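Generate coordinates for the entire structure from the input sequences, incorporating the hints supplied.
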Amino acid sequence: MNQAIIFDFDGVIVESEPLHYEAFRSVLPEFGIQLTRESYYARYVGLADREIVRRLLADHDRRLTQDETEGLMRKKNTEYERQIMKGIDPLPGVAELIKRTSNQHPLAICSGSKRREISMILDQIGLSAFFSVIVASDDVLSSKPDPAGYLLALSQLRRAKPDLTAEKCLVFEDSEAGISAAKAAGMKVIAIRKDDLGTDTASADGTIASFLELENVDLASLVSESA
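Counting from 1, position 68 in the sequence shown corresponds to residue 67 in numbering that gives the first Met the number 0; the numbering is continuous, with no gaps.
No lab work stands behind these hints, which were simulated from the structure alone.
Since the structure is predicted, the reported quantities are computational estimates derived from the model, not experimental observations.
Every residue gets a Cβ at the ideal spot worked out from N, C-alpha and C, and that includes glycine.
Some hints here could point you the wrong way.
[Stated by the list, open to error] Ranges between beta-carbon positions, derived for each pair:
hint, residue 1, residue 2, range
1, P161, S202, 26 to 32 Å
2, E166, Q123, 32 to 38 Å
3, E29, R54, 16 to 22 Å
4, S118, Q33, 18 to 24 Å
And the structure:
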């Protein structure tokens, strides 16, 4: 049976990707970039903000100084936090799953979001106490699909479970970059299907449309049946 569960954050615990998109869309015109919803979801979902900005500048043939780039990031972060403060809810079924499984397994988050943003939202939705490990973009140099974040989460989980291996970690992801990162780390992955986004989930060990599907399901058996 899986001994640890690791959740991506944006699009898995909360549907925050639209807020990230709106924050980027509102600040980018000042820097000569127009961002559409279609291009954001096709090209940038699942990446850390710094990698998104790097790709945006390359895709739009824009050159910014280091100070200008940092200014863009600050403005985006400020706008995103403003969006958060309006209120956000956990995705259907995920809070119940977290509370139910926290008595059986250590839980972790591995996200491309900033730690401050993750903490703000977890406090807002009352789930902060359930996660023993949080790996944010602040903690790693490389964004997903690099497995660095998941490997760091595994390392930190081992402080409480020294015998924990990657194969005993079950990951919930919703982006191609995230699925690739978790699989590269040697972990089992259940993908949350986003059919309207056309995300390729073929490499995942199983898929669900909603956490409501897992209300009475043993997670280990779900992985073995879907592999």
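Worksheet item: Which of the stated hints cannot be reconciled with the structure, identified by number in ascending sequence?
Response: 4
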